[in-house]
Amino acid sequence: MTPSLLTGLLPEIWLGLLFTLLLVLDLAWKEERSTALGMVAAAGLLPVFPVLAWQAGMGSHELLGGMYRLDLLALFFKGIFTAAAILVLLMTRELDKTIPRGHGEFYLLILAATFGMFLAASSAHFVMLFVALELISITFYVLTTYLQNNVNSLEAGMKYLVLGSLASGILLYGIAFIYGATGSMQLSRIQALYSAGAPLPVPLLFGLFLVIAGLLFKAAAVPFHFWVPDVYQGAPTPVTAFLSVGSKSAGFLVMFRVIQELFIGQAAQWAPLLAWLAALTILYGNLGAIPQRNIKRLMGYSSIGHAGYLLIGIAVASRLGSTAVNFYLASYLFTNLAVFLVIAAFSKVTGSDEIKAYAGLSKRSPFLAAAMFIALLSLAGVPPMAGFFGKFLLLMGAVSEGYIALALVGAAAVVVSLYYYLQIVYTMYADKPEDLSPIRVSLPVRLALWVCLAAMLGLGIWQGPLLHLSLAAISGS
Amino acid sequence: MVTAAGPWIILFAPLAAFIGIVLFGRKSKPVSAGLAIAGMVVSLGFTLTFFFHSLHAHEAIETAVSWVELPGLTLEFGLLINPAAILMALVVTGVGLMIFLYSTGYMAEDSSYPRYFAYLSLFAFSMLGIVLANNFVTLFMFWELVGASSYLLIGYWYEKPSAAAAGKKAFLVNRIADFGFLIGILMVWNLSGMGGEARTLNFLQLEERLPEILHSGAVAPGLLAAIVLLVFCGVLGKSAQFPLHVWLPDAMEGPTPVSALIHAATMVAAGVYLIGRVFFLFWASPEALAVIAAIGGFTALFAASLALVENDIKRVLAFSTLSQLGYMVMALGLGGYVAGTYHLTTHAFFKALLFLGAGSVIHALHTNDIWQMGGLAKKMPATTFTFLAATLALAGIFPLSGFWSKDEILAVAFERNKLLWAVGTLSAAMTAFYMGRVFCVAFLGKPRSHHAEHAHESPPSMTVPLWILTVPTLIGGFIGIPQYLHHATEAGLHVEFNLFVALISTLAAVGGLGLAYAVYARGARPGLKGQELLSRLAVPLSRKFWVDEMYSWINQNVQQRFADLLALFERFIIIQLCVNGVAKVTGLAGSLLRTAQTGKVQTYAAMLLAGLGFLLYLNLK
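If you're matching them up, the sequences are chains A and B in order.
Anchor point for the first sequence: position 291 equals 291 in the working numbering, and the numbering is continuous, going up by one each time.
Numbers in the working numbering are just positions in the second sequence, counted from 1, shifted up by 1000.
Hints listed in this document are in silico derivations from the structure and should not be mistaken for laboratory results.
Note that CB positions come from ideal geometry on N, CA and C, so glycine has one too.
Watch out, some of these pointers could steer you wrong.
What the hints assert, rightly or not - Computed beta-carbon distance windows for the label pairs:
{"hint": "1", "chain 1": "A", "residue 1": "268", "chain 2": "B", "residue 2": "1286", "range": "53 to 61 Å"}
{"hint": "2", "chain 1": "A", "residue 1": "17", "chain 2": "B", "residue 2": "1584", "range": "54 to 62 Å"}
{"hint": "3", "chain 1": "A", "residue 1": "65", "chain 2": "B", "residue 2": "1603", "range": "40 to 48 Å"}
{"hint": "4", "chain 1": "A", "residue 1": "408", "chain 2": "B", "residue 2": "1223", "range": "27 to 35 Å"}
{"hint": "5", "chain 1": "B", "residue 1": "1111", "chain 2": "A", "residue 2": "21", "range": "53 to 61 Å"}
{"hint": "6", "chain 1": "B", "residue 1": "1026", "chain 2": "A", "residue 2": "16", "range": "41 to 49 Å"}
{"hint": "7", "chain 1": "A", "residue 1": "21", "chain 2": "B", "residue 2": "1108", "range": "57 to 65 Å"}
{"hint": "8", "chain 1": "A", "residue 1": "443", "chain 2": "B", "residue 2": "1600", "range": "37 to 45 Å"}
{"hint": "9", "chain 1": "B", "residue 1": "1610", "chain 2": "A", "residue 2": "148", "range": "27 to 35 Å"}
With the rest of the complex left out, here is chain A:
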């Protein structure tokens, strides 16, 4: 079935309506009821899933005069973004007390960022792409500084803004070069210009590398990662969580679009660079995480490390690699959000993000400790958790394309990552708590954690369905 403008853009239209509804409710309701807004937003996102499933039957199409496209890859990532947004909205409730004012806008901004991610997933034109990425970035600048009486939050937001603008400038500069070299901004037209194996002219290559640099910034890869630890530490926890899964996934999605789809035939010209960067990013993230004492900062380094693993999947430029990236991002979504849910629930009660403060968590809240334990094992890639299978696929992809050394670096870094992840586990289970008072976990967070745990174990044990989806998203686009 050929989608009309309405049916093709239905998810975006629905998001727009939801956004408007929230805006009205925020005005109509009193400030005290603002947490209910988060629930409305989360519930309002649920119908997106059946819409996406319905659209999956439509095939690949270009709409809006070639600006927008509908294909399985876009739908797959929209699913990831929606799931991430719902979980982040549930997590945001834990922030009630810390956000000084404007709860309603906070939820609105999360929806706006989600909207930007949707557009990025479906953009078929460089201008659309840039606008979508800017929508994501600018909402995140605001979200990062949301704790207005917290110096760290402000500092993080400022740094993110300065460096993010720089990256956007580089990206835009690259787009300009690509336009100059090809005479088009439409992805499908650029794709048609270069047959497989034909070397790219230098101006185009220059532009491509600038675009890659801009995207690596989003994905948090070396050497464009400097913002990550500071911003992750300073931003409100749900924002950090959303950055680590939503914004990162968007970066990889766009890399699929502009590197793999357009220039897969010229992989020899860009793949070695990405392979080197993958190795460096893996090492940087995992080694940098070791001395950290703040759990959010540690998760920042961990996020850099995971970006490195994901880059392997882009660098190998094969179907297996791309499938692995999709699988990895989906499982990473649940795993990482589980960790941040625990962090949010914990700091709501204790007000601390220091790893030291987690001492004896197993006694104060066995549920939180167990959830954290499982999530950390999944992050490190221990079977039978989902994280193991994602890493396994990525490393298999590297080996089958001959990147043996890269696979070895990836495998060695798993050991390093186990070291710092298990240090947290050790603190939670073996150290004596200073304060024995139990930690109460609110129902939405409990619910969200159960979903994450089920997904981590479920996707690890029963990989088939997600693997099929990941593969279909690559092949069907």
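Once you've looked at the hints, dock chain B against the given chain A.
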């Protein structure tokens, strides 16, 4: 109502019960027991529908979902239902249900009752997984789950050090065996691809391919025998065959109904069942079968001799189980697929009955020592009668179930290997003797302790399952089990009833019982005059031929020395050089990286641009 969902329901009903107990029944005795029993009833009900269906339709039913799909590696999670599987599932769910019911009485006073029923349900789920699995991977997963859940059940009274140790011992011995089993499975995986097709571990596909692969001559007979023996390693552990039998007697530390479930009817039967499940594989290697038959025969005789002098009623039954399992393994090793599986079924009934009867006595007297019992026949008539029926069945007295199945094994042995036949007949005589001894000492004569004088019959929740299990014990020989089993596989041989063998084995059984009666019914007991010679002879028996001692000697002198050497290696090379070295280097690298993170946004921007410039230079120079 035979549907595609049926096999899954059989398998998952106990798991659902387990989850239900964990979620909702942790505080409540009736809820936990009710859920566990309901799970078993559902499983049993669906197994029965498959049973009635299979009476007129013999083809196997297979249902599977693909589990891991990667290029070059496809694994499925599936179930295969054939007559042998149905029969075994009936034993597991039927005997299991009786044991669950019995446990409500036996464990009534236990403080962590819901935990007990949760473990039982988990065990039943794992066991049904072994019974129904359609490929080696699924089977192995459940195989390990059985190991884990039996560890939990044997060590159920974990506050008792001996119980905790017994659980650990069972688990470790099984792990050793399973290591061989796993290697065997991997070799089967390799073997399956030798015909040029995609590799598989599916039983039906393997059965189909094996003749072709063997015919092509790609596999040396020695290799095949090695594969079969490695797979048999798993059997050695689970079915507690010599030399890995050591865990079973100790496992009697668990609650008695657990012993009835795990160590009579199900877990230990899993090994024998496995041989039957992949009998086509075993049948293809006569060399391996000869070894297996010899191990089985030896275990039968060896374990029966240990039972002769044991004073703990449960341990007598444990040794008896070892011996009977040896019988079954011997039968299968001789090619008697039907005989072995038949005996597996009848044995499950009467041995579970014996354990439950022993449990009833222990419940009343709070002791396991048969010399503290005596004269129970009048005080516990129901227990006594059912125990007697099971004793006679185990001894092989016509026309009880044990007579028929044991006779079928001896007939096969008579045909194939006269030596093993003699071993089997001798074990039969010994079996009759030690069972007669237990019965005479525990149930006849005068009460020998204060408790025995004041014993009372157990509550109906315990005696009713006893009566129900007595029925198949009595008539198990007449309900056509062997005929039913013939539809399961074409491999193996079948022999006709042999009157000579039957007469000899009956003589052995009657002789054993008579001797036991003559010695023990008149009040003979250890330490009496004129028995020094006998007791001296009994020393090696009561020390179990020093097998445990030998193992611990090997442990201390060989393994420990080697371990010391490895410990030195570990301390200096691994820990100092590799671990600490690596940790220091990574820690150092981490601190170095930390200095890069200055916190100044100007530095970050400068480094970002420098990085970009470097990248562009590298790629565009």
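Regarding residue 1026 of chain B and residue 16 of chain A, is the given constraint of 41 to 49 Å on their beta-carbon distance met? Holds: the Cβ-Cβ distance is about 48 Å, inside 41 to 49 Å.
With 37 to 45 Å as the target window, see if residue 443 of chain A and residue 1600 of chain B comply at their CB atoms. holds, 43 Å
Is the hinted range of 54 to 62 Å satisfied by the C-beta distance from residue 17 of chain A to residue 1584 of chain B? This hint holds: roughly 58 Å between Cβ atoms.
That 57 to 65 Å hint for residue 21 of chain A and residue 1108 of chain B (C-beta), does it hold up? holds, 59 Å
Honestly, do residue 1111 of chain B and residue 21 of chain A meet the 53 to 61 Å range at C-beta? holds, 55 Å
If you check the beta carbons of residue 1610 of chain B and residue 148 of chain A, does the distance land in 27 to 35 Å? holds, 33 Å
Given the range 27 to 35 Å, decide if the beta-carbon distance of residue 408 of chain A to residue 1223 of chain B lies inside it. For residue 1223 of chain B against residue 408 of chain A, whose Cβ atoms are near 33 Å apart, the range 27 to 35 Å holds.
Within 53 to 61 Å: is that where the Cβ-Cβ distance between residue 268 of chain A and residue 1286 of chain B falls? holds, 58 Å
Using the Cβ atoms, figure out if residue 65 of chain A sits within 40 to 48 Å of residue 1603 of chain B. The hinted range 40 to 48 Å holds for residue 65 of chain A and residue 1603 of chain B, with Cβ atoms some 44 Å apart.
When held up to the earlier numbered hints, the structure conflicts with none and fits them all.
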